[in-house]
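S.K.: For the protein sequence lines, the chains are W and V, in the order given.
For what it's worth, this note's numbering labels the leading residue of the first sequence as 124, then goes sequentially.
For what it's worth, this note's numbering labels the leading residue of the second sequence as 2, then goes sequentially.
Among the hints, a few may not be true.
Examples of chain W residues lying across from chain V (beta carbon under 8 Å, computed) [said to hold, decoys possible]:
1. GLU296
2. LYS297
3. THR310
4. CYS574
5. LYS606
6. PRO626
One-sided and incomplete, this derived list gives chain W residues near chain V with beta-carbon spacing under 10 Å [said to hold, decoys possible]:
7. TYR301
8. ASP313
9. PRO498
10. GLY500
11. SER529
12. CYS581
13. GLU585
14. LYS586
I should point out that these hints are in silico values taken from the structure, not numbers from a laboratory.
Each residue gets a CB set at the ideal place from its N, CA and C atoms; glycine is no exception.
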Amino acid sequence: MKTSTSKKSTLSRKPLDWGRVRRVAQGLFLLTWLVLWVSTAGLSLDARLLHLPAKIDPLLALTQSIASRTLTVEMLLSLVVILITILFGRVWCGWICPVGTTLDLFSFKRSKITKPGVPEIWRMGKYLLLLATLIAALFGNLSLLVLDPMTIWIRTLTGGIGPALSTAFTAAEKGLAYIPWMSGPLTWLDHAMRPAIFPTSDVDVRFVWLPVVLFLLLFLLNLVAERFWCRYLCPLGSLLGLISKFAVFKRRVNADCVSCGKCTSICPTGTIDAKRGYASDAKECTMCMDCLHTCPAAAVKFVAGAGLQERMSYDPGRRQLLITGAVALAGLAVLETKPDRLMIGDSHLLRPPGALDDDLLEKCLRCGLCLRACPTGALQASLADAGVTGVFTPVVVPRLGYCLYSCNKCGQVCPVAAIPPLPLEDKQRWVIGNAFIDENRCIPWADGGSCIVCEEMCPLPEKAIVLEERSITRADDSAGILKLPHVVRERCIGCGICEYKCPRGGEAAIRVYRLD
Amino acid sequence: MQKMSRRKALQYLLAGTAVAATAPFLESCRRAVTEPPTFPTTSANNIEATATAADLPYLAVARNAEPDALVRAAVDAIGGMSRFVPYGGWVIVKPNICTSYYPYEYAATTNPWVVGTLVKMCFEAGAGKVQVMDYPFGGSPEEAYQTSGIAEQVEANGGEMVVMSSFKFKDTKIENALGLHNIPIYEDVFQADALINVPIAKHHGMSWLTLGMKNLMGLIENRERIHRDFGKLLTDLAGKIKPQLTVIDAVRILTNNGPTGGNLADVTKLDTVIASPDIVASDSYAATLFGLQPSDLDYVRVGAENGLGRSDLENLNIKEIDLVA
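In isolation and in its complexed conformation, chain W is listed as follows (with noise of 0.2 Å):
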């Protein structure tokens, strides 16, 4: 367990265990994060903080600034990071980044699985994974973000463990609450706990499955080899690794080495080679400092130097590169390559308010933060929806969440203006789609029963659904009023929530569709 490593650091003779303030400065990035992340559904912190997941990361930065044509001062915040990048390689990926603490926290280190051996070359593969995402990025195709360790991080708790914890939580309240005396203590925690952490009332969310497999994946990649995901595939620890190359500080190892090989087998990303006379990689080193405190010679040291990293075996070259972008070119023929008129699902493809669809996908990042934000579930990460390139991008889906009258807060969070930060004039006036009632299923129409909850729940001053009313006679000879409703369509924005309310079962009998 932990107490081992840090009980010999407490008898060892160094006077500071940096892997320990390493382990310090993780857990509270992480925590940091987390917060962040918890503050994004309420807005209960400044927008701008709120950014920060997104603003901060080098590769959104760069990627969206190409794919978008656009360079805003903002962005220049990832610039922190690459400074800090040059000066002690990547840290980023050791000490601050989500996914990176997360994975060491199941870095499988103490379990008795064998790792089977990963041939080096595969390192390799988050070059080029990097370069296929700054071609995309060239002709507007961020689809790749969705790769990016920030957007996975947001998107796992935003789509997967945030939901799932949160219907656990109401199951939990709804079954103790069947104990007498637990609620007093069972309101209380519930008034803690919402809407500070999970919503007033569980929110709807597609696919919750999905980013938890996904992140599990990673988890059981570290049983291939430790921090794979960062060794192999992460394209922003491949970014950081580029500019790593040129990095001031830089782990050395002195002639004190005793060969005794403990850095090798302690080294979180396998770049301690033996062979090279244990020196590493300042590309793969993510600055741990593990192997620091656990050198018996102290042949370790983290000093300044001048000196270009070598060449590696699994550095790409003219050739690799040369046909990733060939394959990243025809790539992106295929899947750009798409039927110019909307094909019957996409009557459905709703965008949030403010948001083009062209203009959306080459802005979004794919972070999900907006997803967060929507206080309702109208804004679902898309699948099918929105076809292969537009995988993780918002859209809305009414019979899950109405888009709420009286919210701009998508706009608000969103790091890029992606969805457009609309004032709540101009949003209440923005025309998501229209409402169509499908009058062999409304329940007034189709069965002659009595329902308005549509128009009712309407929120326009003056309703988009208007009330017909007719005499009937019924079956049985009795008279009666019939009150059937109608889409006023110029006055219908597409929010959604007469679709949202409609009583008839499964899909709803008014639905709204897109209108270009």
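For this one, chain W is given, so just place chain V on it according to the hints.
M.R.: Below, chain V alone, put in the same frame as chain W:
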């Protein structure tokens, strides 16, 4: 770490499953205990009318003053707040805070000063705890409480705005119901010593108006069930929940595009407050403010027919108070 033995692993697995299964198990136990048997119903005539004190006016209407004065005059005329609130008791005040869309001027939510004054009067009558709550159908309760302006007035008068917890909606059996045999109702309503129902009088597409009886829909889950037959089902609901006092806010009424509102052209300022322990009588009187007959409202007609309350305004002792200076 030591390798986990199979026995240990199984124990953990079992314990984990047990913990995970607790909630659904308890839920199913609860359902087994509280699920009502289905049987044919006859009538609901055993619902008692709640107005008692014979010498007091059955219903009071105050006009032409500020909201706080209107509420005081109307409630004092029917015996004062101490008639309804026991000393040291727990009071729940239920205004209409239907959405988070518009402030009170739009007459979609109860007037904040009407609610605030009621809170104040409850404390003056010796109430120990006064809680104000509603469950909006559009937007979150926290935001709706703020937007409506009600939170500010309630807190200024020492009351507590409570966000209703979903786990407190418990499936409740209604005996001899006309159609609503069971529905999840907010349990605190039955545990509190008094429930004060404070709707705003406004337009509604199906029932013409939403008033006192319809306001009780904020205390239940599965509201869409009520839409099938407002008359019978609201009579069942009001008979079960039985607020001690209904105060109808007609300071501003919404005459069209209700219940959500949003258009000042649909708002009429009447400066009127109605108070009565009889929810049906209150709604009946409020109907006349819109130029309707009480019997135009399904739920008033069915409620009166089934003894929930009275709608024969001409036979009631009604005190009209004009506070014009």
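S.K.: Next step is simple, just say for each hint if it's right about the structure.
M.R.: Quick rundown of the hints versus the structure:
1. The restraint placing W/GLU296 at the interface with chain V holds, with a minimum CB-CB distance near 4 Å, inside the 8 Å limit.
2. A distance limit of 8 Å between C-beta atoms decides the matter here; for W/LYS297 the minimum to chain V is near 5 Å, and the interface restraint holds.
3. Interface restraint check for W/THR310: the shortest CB-CB distance to chain V comes to about 6 Å, inside 8 Å, so the restraint holds.
4. Contact between W/CYS574 and chain V, as hinted, is supported at the beta carbon level, the nearest pair being about 6 Å apart and thus within 8 Å.
5. Proximity of W/LYS606 to chain V holds as hinted, the smallest CB-CB distance being about 7 Å (cut-off 8 Å).
6. For W/PRO626, the interface hint holds, since its Cβ comes within 8 Å of a Cβ in chain V; the closest pair sits about 4 Å apart.
7. For W/TYR301, the shortest C-beta to C-beta distance to chain V is roughly 4 Å, which falls under 10 Å, so the interface hint holds.
8. Interface hint at W/ASP313: satisfied, since its Cβ lies 4 Å from the closest Cβ of chain V, which is below the 10 Å cut-off.
9. Because the beta carbon of W/PRO498 sits about 6 Å from the nearest beta carbon in chain V, less than 10 Å, this interface hint is met.
10. A least Cβ separation of about 12 Å between W/GLY500 and chain V goes past the 10 Å threshold, and the interface hint is therefore violated.
11. With its C-beta approaching chain V no nearer than about 5 Å, W/SER529 sits inside the 10 Å limit, and its interface hint holds.
12. Interface hint at W/CYS581: satisfied, since its Cβ lies 7 Å from the closest Cβ of chain V, which is below the 10 Å cut-off.
13. Residue-level restraint check for W/GLU585 holds (minimum Cβ-Cβ distance to chain V is 6 Å; threshold 10 Å).
14. The beta carbon of W/LYS586 comes within 5 Å of a beta carbon in chain V, closer than 10 Å, and the hint placing it at the interface holds.
Violated hint: 10 only; the structure is consistent with all others.
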